[in-house]
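Start from the sequences, fold in the hints, and give me the full structure.
Read top to bottom, the protein sequences are chains A, B, C and D.
This note's numbering puts the first residue of the first sequence at 1, with every later residue one more than the last.
This note's numbering puts the first residue of the second sequence at 1, with every later residue one more than the last.
This note's numbering puts the first residue of the third sequence at 1, with every later residue one more than the last.
This note's numbering puts the first residue of the fourth sequence at 1, with every later residue one more than the last.
There is no bait here: all hints are sound.
Taking lysine-lysine pairs in the DSBU-like style, the calculated list, with each CA pair at most 30 Å apart, reads:
#1 A/Lys356 to A/Lys375
#2 B/Lys111 to C/Lys187
#3 D/Lys44 to A/Lys439
#4 A/Lys203 to A/Lys188
In short, the hints are calculated from the structure, not lab data.
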Amino acid sequence: MFLNWRRGVIASVLIGTLAGSLLTGCGTGNKASGSGSAGNGGKVTTIEYWHVNSENFGGQTVRDLVQKFNEQHPDIKVVEKFQPNMYLGLMQNLQAALAGGHPPAVAQIGYNYLDYATANLPHLPVEDAAKTDPEGQAFLNNYLPNILNLGRVNGKLEGVPYSISNPVLYYNADMFKAAGLDPQNPPKTWAEVRDMARIIKEKTGNYGLYVQEPSDNWAQQAMMESNGAQVLTRTGGKARATFDSPEAIEAYQLMADMVLKDKTALHATWEEGTQAFITGKVGMYVTTIARRNYIETSSKFKVLTAPFPTFGNKPRRVPAGGNALFIFAKDPDQQKAAWEFIKYLESPEALTTWTKGTGYLPPRQDVTDDPRYLKPFMEQNPLMKPAVAQLPDAVPWVSFPGNNGLQAEQVLLDARDAILGGRQPAAEVLKEAAAKVNKLIGN
Amino acid sequence: MPVIAGDIYFDKVRKEYGRVTALEQLDLRVAAGERLVLLGPSGCGKTTALRLVAGLERVTSGKLYLNGRLANNLEPGERDVAMVFQNYALYPHMTVWENIAFGLQVRRVAKEEIKARIKEALAILGLEGLEERRPRELSGGQRQRVALARAIVKQAPYFLLDEPLSNLDAQLRTQARTELVRLHRKLNSTMIYVTHDQVEAMTIGQRIAILAGGVLQQVDTPENIYNRPANTFVAKFIGNPPMNLLPGIVKGNQLFLGEGLKLIIPGNWSAWLLGKSQNRVIMGLRPEDVTLREEGVAEGEGLPVRITWRENCGKERLYYLAAGDKELTASFSEGRTEPRGGELWLTIDWDKVHFFAEGDGNSLGYPWNTRELSLKAYA
Amino acid sequence: MKTKIPWWHFPLLLVVLGSLLPLIWMLATAWKTPEQVFNASLNPWPYPATAANFAYVMGAIPLGRYILNTFIIAFIVTAAKLLTSILAAYGFTQFSFRGRETLFYLCLLSIFVPFTVTMMPNYLFMSRMGWLNTYTGVALPQMADALGIFLLRQSIRSIPPSLVEAARLDRVGHGRILGRVLLPAIKPSLIALGILFFINTWNEYFWPLLMINDKSMYTLPLALQMFTNLEGGTNWGAMMAAATLASLPPVVAYLLAQRYVVDTFIHSGLKG
Amino acid sequence: MKIAREPGPKFAAIKGYLVPWGCLAPALAFLALFTFWPLVSTLKLSFYQWNMVSPTPKWVGLTNYLEILRSREFWLAFWHTLEYTLILLALNLALPYITAYILSHLVFKGQNFYRALIFLPSVLSLAVAAVIFLWLYNPLAGPVNALLRLLGLPAPPWLSSYRWVIPALAVITAWKSFGYNFIVLLAGLVAVPLELIEAARLEKASNWQIFWRIVRPLTSGTALYVLVMTVIIGSQYVFVPIQMLTNGGPDQASTNLVFFIYQYTFNFFQTGKAAAAAVITLIIFGGLLFLQKRVLEKGVYYEN
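Okay, here's the thing in structure tokens:
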């Protein structure tokens with residue numbers, strides 16, 4: 001009998017634990033989300049902030065900023081939540097959270113998802129949020145006009161530009177020397193890049209060049225548009241893929257020739273390419289300035305940077321990478337708190353912390369040049385200079401409109417693999433891809 | 001540990017499994033305290049009948065009464081039956097003691113009482129000292145006795161056994177038969193014993209019910225089953241070697257069994273068969289009831305036979321005989337004079353002959369009083 | 001006979017090598033400095049070894065918390081799967097009713113429904129219920145397992161029906177028939193199945209990936225991706241250290257109970 | 001003896017249903033709610049255009065199906081699924097089958113040693129496996145290519161090569177599932193009575209003949225189980241390395257049906273097309289199951 005009794009107890013404890021854990025919804029996860037209470041009367045408004053900054057990419061900086069903000073604002077509590085897999089991952093989770101009715105108040109939206117987010121996700125345009133704040137317009141005047149445009153869709157300011165990056169050319173000064181090249185004279189045009197890459201290959205046996213290949217077309221857009229092409233042409237509210245223009249094909253074919261014919265450029269994933277550079281197997285590396293800190297500290301050789309190369313005398317056009325801050329809060333109190341938080345993140349102090357912690361460029365001119373803020377940092381980090389100098393050349397990162405915008409982006413990614421992988425020449429692949437994209441975005 | 005026994009009554013009980021009929025309309029009454037054996041070849045429905053009593057199967061139609069009470073819808077646990085399974089169904093993870101005690105514990109029998117009953121059962125079955133063993137540490141005979149012990153401690157009015165000896169070797173089986181009968185005398189419950197072994201049936205049953213193809217063939221005492229088989233099936237099924245069955249035609253007082261095989265039927269049989277107005281018959285002859293002679297007999301007094309094969313079974317000798325196109329067996333127990341071989345004559349003891357109708361195989365009866373042997377002798 | 005033995009060991013040793021080499025490299029890389037990682041990738045013996053990667057991982061993520069998350073989810077799912085499978089297997093073996101076989105095969109069919117077919121509606125359901133980032137969200141859809149039902153049904157069918165019948169004659173209730181007769185008899189299958197469920201849930205990646213985006217709710221496999229972030233650059237040593245730490249609990253559990261696990265797998269008829 | 005109350009037939013009938021359905025209810029409820037209802041729901045979604053967020057899905061009839069069946073990506077995914085499956089059948093059915101045969105019938109020492117170590121990888125997470133192989137496959141510094149270079153062999157960029165990406169990803173999955181399949185097959189193989197093999201030895205049958213003519217037919221039930229599991233579960237297992245390492249690239253060269261559906265759901269937010277692809281996948285798997293039932297089972301020997 002004792003045996004029976006004991007077994008019964010164990011069984012009921014097991015079942016109890018099970019049922020209990022189900023009923024309570026288990027724990028910590030849910031408490032923070034959403035439940036904004038009336039902001040007045042000493043109550044605390046809790047809002048969520050979604051970002052893409054992982055542990056080795058500014059995660060700690062985000063925590064510091066949030067902590068400081070919460071100390072300064074006793075009536076608001078910001079909870080930061082990291083979203084894996086960069087902007088794509090964040091978009092996925094955001095989409096789901098919206099479907100479930102529990103969106104974050106503030107989220108980082110990659111510039112390449114600007115159009116899609118504006119058209120598909122219910123949000124509060126920051127232009128409207130700014131209007132409710134008497135200082136709102138003055139605040140927005142702190143930005144360079146072409147930078148503020150990065151947050152505009154069809155003329156309306158939907159999100160505040162926050163993180164800004166652009167592609168620069170990193171190069172291995174030691175390898176330049178070994179190849180008999182002058183480290184003080186980095187290539188200025190793509191023709192020079194091609195020549196130097198050939199020399200590096202001949203002299204050192206290493207690859208001359210790697211251009212970043214993550215799951216976006218950012219760097220490739222910079223090449224095509226610097227050659228005078230337009231990835232997407234908007235006429236009268238209608239968008240059309242034009243990355244099959246002769247200029248675009250020429251730019252892409254140059255890259256393909258270096259990879260396939262000259263065999264002086266590496267075709268690999270971003271991960272592998274970065275490794276190849278920092279382990280001294282590639283001479284030149286085109287990637288975001290946001291990676292400066294990692295590249296500089298990981299490399300055992302002298303790293304230098306140069307502006308993104310141009311095509312002859314054609315103007316340089318580099319798409320701005322990074323993200324804008326969007327407001328997804330629905331409750332007025334939360335919207336107000338969200339706007340407060342955005343203003344804080346975009347304050348000179350916070351941006352200084354942010355740039356130091358990540359390598360992004362600040363969207364506000366007054367921060368970069370101010371000795372109280374980033375000036376000393378910029379002087380200590382000469383590698384940042386080309387990126388800052390390029391800021392006036394910034395153009396919007398292409399964001400494909402419509403329901404199928406995200407798939408259009410993938411078509412271009414596949415095209416890159418097809419060209420650099422040698423499936424077909426650039427002209428054919430790009431023509432095919434453009435037709436497909438045009439179909440997807442409704443032409 | 002005497003128990004108040006109850007009777008069991010099958011009233012037109014039918015059992016079907018899907019499209020297969022296991023039992024066709026069984027009418028059978030088992031008296032309270034009786035020891036009845038259900039006998040038949042495999043697939044005859046005997047186990048089904050037993051499981052119907054236990055409630056492990058549901059009656060398809062008809063009524064099953066236990067102690068006068070309709071039991072069709074009673075759960076097995078509500079029927080107060082004890083059962084011993086063919087494979088004993090001992091719980092492998094429990095000790096002997098736990099196996100026996102389990103059912104009683106479930107029924108919330110007092111601890112002291114459980115102890116007393118198990119002690120008694122272990123003593124009766126000679127299982128003392130094995131209490132802490134697990135089934136896999138026991139021999140076949142021990143397992144069988146544990147299964148019996150588990151059944152008897154329930155002190156149930158009904159005691160069902162499903163071929164409980166089939167997994168034992170021959171020697172143990174003989175011993176267990178007598179044990180079982182003794183045990184039943186002590187228990188006094190109503191016992192149904194299922195077997196396909198006629199020796200077990202004859203030695204254990206007070207009455208035997210023979211089933212074939214889901215149909216009850218005959219219910220009677222072992223003596224009557226042997227001496228007065230109700231049909232050719234029973235006749236052939238009981239007795240080893242089986243009864244010789246010879247089809248023939250009756251013409252007046254003559255029986256024609258085939259080419260050159262003619263017998264003169266004595267007066268009493270001749271008149272009896274005439275009364276049955278059945279001239280196509282089957283004659284049944286048990287192998288031990290025939291005589292072989294070396295010297296010739298008069299026409300119609302015997303059949304000319306030839307020995308085709310002989311077997312020495314120790315206590316008895318079997319002769320396989322050919323009579324024209326017919327084949328027969330004869331057996332001779334030790335001591336009887338044996339023929340040497342060659343041309344022989346087979347003669348018949350007409351007091352030990354059986355006649356069956358050719359069509360349905362039912363017994364044509366006997367020209368003398370068939371009620372001399374009765375059940376009472378075994379009560 | 002003796003001369004024959006060595007030859008056949010050769011292919012087996014190759015297979016063992018194939019099984020172990022990736023693990024050896026994971027372990028080796030976890031103890032290497034970044035320099036060793038790149039310049040001596042073929043060397044399986046890090047010298048001098050550094051624990052810096054582990055220190056970094058422990059500092060960067062709340063490892064204890066993740067172990068706890070993973071354990072709680074694996075425990076809930078395993079317990080629930082066993083419970084529902086046991087009950088269903090009992091229902092499918094001990095009762096006969098119209099449509100039983102049809103129902104059973106319908107259950108079995110669910111094994112063959114690819115996860116991707118159901119993931120979208122389940123995801124929406126969970127997010128509508130507000131169960132994203134909860135143990136409930138991860139565990140709830142996995143609480144029944146057709147394979148478990150199938151295997152336990154097989155196990156129950158392999159024990160003689162008379163065991164249950166004997167109990168029924170003793171007026172033993174369903175609870176006790178299950179608890180005291182059937183479950184002890186199929187204990188090896190239960191244990192093997194439990195271990196299988198636990199390891200599978202522990203290792204699960206895809207569904208938690210969809211359900212959980214709150215760092216504090218991560219399971220160990222999810223935590224791994226924090227070390228593969230693209231813009232930050234991969235720290236291979238740290239990643240392998242994290243992989244090692246994530247694998248440690250199931251591997252240790254397996255090695256401790258190794259003979260038992262494999263033996264029960266072999267003898268419990270898990271072959272289906 | 002106490003006479004129990006005789007329950008009426010109606011009571012008995014209700015009581016007779018209560019317990020079995022009570023037993024089945026939890027499992028059936030979970031399966032219905034999280035497997036079968038979503039199935040129906042997916043079927044419904046496949047006729048709509050919807051991005052999961054907009055309040056009104058748009059009815060588009062069969063458009064989703066037609067567009068998918070006309071797209072290059074779907075057929076790539078389809079053929080790749082076959083390719084993955086073939087590789088997995090070789091690595092996760094044939095190879096463990098033979099390994100298990102060697103261990104069960106040709107080798108008598110070290111049984112436990114082999115079993116334990118061969119099973120080891122299957123207790124790891126696929127995510128761990130993917131991460132380990134990501135390093136092993138690293139084209140410049142990874143051990144695999146370092147070794148190949150040392151041997152003077154070409155060292156391809158495994159995960160960005162059209163030709164190698166599928167085998168490379170399949171190997172990851174195979175490495176992780178090998179042990180489990182091996183143990184399952186071993187369980188089937190040790191059940192083959194030794195007498196049969198001894199009898200064959202007396203006939204001077206070679207080891208291969210014994211395997212092919214005696215052991216294989218006798219264990220075909222187990223093998224069929226592993227086969228079906230490899231085909232159906234395999235394509236879902238492969239998903240994890242695809243999602244973690246290549247995202248279907250390069251140029252959709254490593255996508256399969258499962259990843260295709262995931263991509264349309266969570267990367268493109270084209271729920272309707274994803275649902276349509278899911279339904280098509282289900283039909284393909286259904287066809288495979290049917291095929292298995294009709295063709296393969298004919299040659300299968302079952303113990304019972």
